[in-house]
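Spelled out from the first residue to the last, the chains are:
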Amino acid sequence: MNMIRSFFAVVLSLFLVFTNSLPALAFCGFYVAKADTKLYNQASQVAIARANDRTILTMANDYQGEAKDFAMVVPVPTVLKKEQVKVANPTIMERLDAFSAPRLVEYFDANPCEPVRRYESFDLLRPAAAPAPIASNRAREKAQGVTIEAQFNVGEYDIVILSAKESGGLESWLQDNGYKIPTGAKDLLKPYIRQKLKFFVAKVNLEKFETSGFTKLRPIQIAYESPRFMLPIRLGMVNAQQAQDLIVYILSPKGRAEVANYRTVRIPSDVNIPEFVKGEFSDFYKSMFSTSYDRENRNVAFLEYAWNMGNCDPCSADPLNPDELKQAGVFWLEQPIGTNKPQSFWRGRRPMPMASNVFITRLHVRYTRDKFPEDLMFQDTNNQENFQGRYVMQHPYLNETNCDAGKQYRAGLPKRFDQEAQTLSKLTGWKIEDIRKKLPTVSLADVSWYDRFRAYVR
Amino acid sequence: MRTPIDARLYQIGFLASFLLLGFITRDWQLHIEVVLTAIAAALTTQYLCLKLKNSKNLLVPLHNGDLGGYSQFYSPMITALGLSVLLRVDHPWAMAFAATIAIISKFLLQFNQKHIFNPANFGIVCAVLFTHEAWVSPGQWGESMWYVIMFLICGGLVLKKVGRWDTTIAFLSFYFAMEAVRNVYLGWTWDVWSHRMMSGSLIMFSFFMITDPRTIPNAKPARIIWTFTIALITFILRNYFFMTTAVFFALFLAAPLTLLLDWIFKDDRFDWFNLPGAITPEIKSV
Numbered sequence: 001m002n003m004i005r006s007f008f009a010v011v012l013s014l015f016l017v018f019t020n021s022l023p024a025l026a027f028c029g030f031y032v033a034k035a036d037t038k039l040y041n042q043a044s045q046v047a048i049a050r051a052n053d054r055t056i057l058t059m060a061n062d063y064q065g066e067a068k069d070f071a072m073v074v075p076v077p078t079v080l081k082k083e084q085v086k087v088a089n090p091t092i093m094e095r096l097d098a099f100s101a102p103r104l105v106e107y108f109d110a111n112p113c114e115p116v117r118r119y120e121s122f123d124l125l126r127p128a129a130a131p132a133p134i135a136s137n138r139a140r141e142k143a144q145g146v147t148i149e150a151q152f153n154v155g156e157y158d159i160v161i162l163s164a165k166e167s168g169g170l171e172s173w174l175q176d177n178g179y180k181i182p183t184g185a186k187d188l189l190k191p192y193i194r195q196k197l198k199f200f201v202a203k204v205n206l207e208k209f210e211t212s213g214f215t216k217l218r219p220i221q222i223a224y225e226s227p228r229f230m231l232p233i234r235l236g237m238v239n240a241q242q243a244q245d246l247i248v249y250i251l252s253p254k255g256r257a258e259v260a261n262y263r264t265v266r267i268p269s270d271v272n273i274p275e276f277v278k279g280e281f282s283d284f285y286k287s288m289f290s291t292s293y294d295r296e297n298r299n300v301a302f303l304e305y306a307w308n309m310g311n312c313d314p315c316s317a318d319p320l321n322p323d324e325l326k327q328a329g330v331f332w333l334e335q336p337i338g339t340n341k342p343q344s345f346w347r348g349r350r351p352m353p354m355a356s357n358v359f360i361t362r363l364h365v366r367y368t369r370d371k372f373p374e375d376l377m378f379q380d381t382n383n384q385e386n387f388q389g390r391y392v393m394q395h396p397y398l399n400e401t402n403c404d405a406g407k408q409y410r411a412g413l414p415k416r417f418d419q420e421a422q423t424l425s426k427l428t429g430w431k432i433e434d435i436r437k438k439l440p441t442v443s444l445a446d447v448s449w450y451d452r453f454r455a456y457v458r
Numbered sequence: 459m460r461t462p463i464d465a466r467l468y469q470i471g472f473l474a475s476f477l478l479l480g481f482i483t484r485d486w487q488l489h490i491e492v493v494l495t496a497i498a499a500a501l502t503t504q505y506l507c508l509k510l511k512n513s514k515n516l517l518v519p520l521h522n523g524d525l526g527g528y529s530q531f532y533s534p535m536i537t538a539l540g541l542s543v544l545l546r547v548d549h550p551w552a553m554a555f556a557a558t559i560a561i562i563s564k565f566l567l568q569f570n571q572k573h574i575f576n577p578a579n580f581g582i583v584c585a586v587l588f589t590h591e592a593w594v595s596p597g598q599w600g601e602s603m604w605y606v607i608m609f610l611i612c613g614g615l616v617l618k619k620v621g622r623w624d625t626t627i628a629f630l631s632f633y634f635a636m637e638a639v640r641n642v643y644l645g646w647t648w649d650v651w652s653h654r655m656m657s658g659s660l661i662m663f664s665f666f667m668i669t670d671p672r673t674i675p676n677a678k679p680a681r682i683i684w685t686f687t688i689a690l691i692t693f694i695l696r697n698y699f700f701m702t703t704a705v706f707f708a709l710f711l712a713a714p715l716t717l718l719l720d721w722i723f724k725d726d727r728f729d730w731f732n733l734p735g736a737i738t739p740e741i742k743s744v
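Residue numbers (my numbering), protein chains in the order written: chain U, 1 to 458; chain Z, 459 to 744.
A portion of the hints provided could be inaccurate.
To be verified - Listing some non-contacts, in silico: residues in chain U with all C-beta distances to chain Z over 12 angstroms: (1) Gly155; (2) Pro227; (3) Arg266; (4) Val271; (5) Phe276; (6) Asn299; (7) Cys312; (8) Glu374; (9) Asp380; (10) Asn382; (11) Leu439.
To be verified - To list a few chain Z residues with every Cβ distance to chain U over 12 angstroms, as calculated: (12) Gly471; (13) Ala474; (14) Ile497; (15) Ala552; (16) Val606; (17) Leu610; (18) Phe634; (19) Leu644; (20) Lys678; (21) Ile683; (22) Tyr698; (23) Phe700.
Stated by the list, open to error - Pulled a few chain U residues facing chain Z out of the computed Cβ check, cut under 8 angstroms: (24) Val79; (25) Ile148; (26) Lys190.
Calculated from the structure, these hints are not laboratory results.
Since the model is a prediction, treat every value here as computed from it, not as a measurement.
Note that the Cβ used here is the ideal one computed from N, Cα and C, for glycine as well.
Just chain U, same shape as in the assembly:
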């Protein structure tokens, strides 16, 4: 519609899709409670910085049970020494989340009777993530076939790296040491043992936690070198009754990452939706995600963001500075540019600022036991194409207008609103009647019937 001048006066809203709405984190291992605490196991965030075979994996901890009950078991590809494990800055996941979250973009229609004017932009909601407390226990002994490969303390965590010969031995070791193993875990430990994976067992050292001054557990970060590029989600499904959400941020010097053994699908993006969604963007996104998830037969990974970290457009949060990138595990920043992604012999040398050899991919996987039997395998690709989950809100100009242009503009609005309503209904599964009730009303009393007709057929 050429009568509508839409202006950039844009801005975004940003929201943390799951961190503040769904409790707790399962990650790719499982929690082993020391008491009959009810375990929540629904959403988790993992950052993987990877170049060649070197990996730095950060597991954010949203565990919300009793601190003293916390313990987790995660299969890892190699034995980890103390210097390969550290606690990460608690805010780093929030930064990655904020930078890559799906965004709502606003445009404002100008008064059709007046010349162009640019509007101010403003920030919308930005809720905070809500991690939680933990605790510890100690017990160490040798059970049959279980070897303690390393044992150390990092920050508030007591960590044991185990290797095992058979799952029964590992199970009894964990039980003997006071860990409550979820039923059915034993059978699932076997494949990991036979693949020669080690087990990273972490629990909280209560004294250190209390003296640390932190109220929440900080993320654990591990570094290793292995050709395996996977997340063992299967183990995390032992004590989960319902679908779990996993958000994976993959940082790579090459380009976009994808899941190699499931389809990776782009989340619907770049669509116009009614303006009332601004007040319920969080609900909108959750409904849209669920609808897409059902539509894709519940067995795909969704791509929510893929961007070179050197810039963003529009930015939902400031790009991470080099220090924050390092905190997120990016270890190749110090290296001379171009050693990681060799320059194309067609394009010649491109000037590359520091952060631009970090490409972030945000994948959102909602998984259940029946649809995701196999662990997630990833691969990084040379795909530099950007993608973002972006939803456009075009505010209409609803003040009184008397000029002809204004009348024609108003005559066109009902059709536009209806299209937006239909898009919204299709994306979220919300009832079209309910949506229509929330649409703004337009006074067309002074608009001639043929202007209305023209607007309708246009």
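Assemble the complex: chain U is given as a structure, and chain Z must be docked to it using the hints.
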């Protein structure tokens, strides 16, 4: 009697449909200019190579008969469409490179008038190894039963015409069996195994790439040995080197073995114009 339709035309039709299907239903980020680049590069290279080879009139048919003078462009068309379906690039030049080198390999890397590498496979491996702009997305078809059935039917139609069913069956049987043994050893539930086997990309590979009659061994026992080798290399690369695109590298590595197997097991070389059960031009002219 009617002239039989060249099996390669079926293949062109199927590959073009898969491309369209992937674009429409599987959320592929296809760029039309990349597909056109692949086709243009493959056809042009074929033309130039033929010209260099014959330096006569280009469109003289390879065989007499009424099968058409353009049939020497079927093969580069299949290569171009195969590349478009399988190879993803960040820039059309990477696709041009893959298509060009794929066709050149047919003319340069040949022994006893038989090219050594499957052209599309050769193009994929070279593009992935040398351009830093190309990759393969093994998860692109997902693990849906419907796609498996579709590949089975379409692939079956082509294979029936060229008589190379044994290759696909042998490869899948060997590979499925190896993965099954591993599954039992590791103690995974069977849905892990079936999820791995149901991969649309794997099935498509076994129907449309491994079966190229011009690059696989001529004799049946040789083909069985050859597919076993590919299955074994795939299994090792995937499970011990964690390569997500293991099948393509396995086929690439096993390709030269064809020469040895053809030498040991003597049989007639495959000819598109002498298909089993088809009416050959000679017979027809009688």
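Broken hints, by number: The structure breaks hints 2, 3, 6, 8, 9, 10, 15, 19, 22, 23, 24 and 25; every other hint is satisfied.
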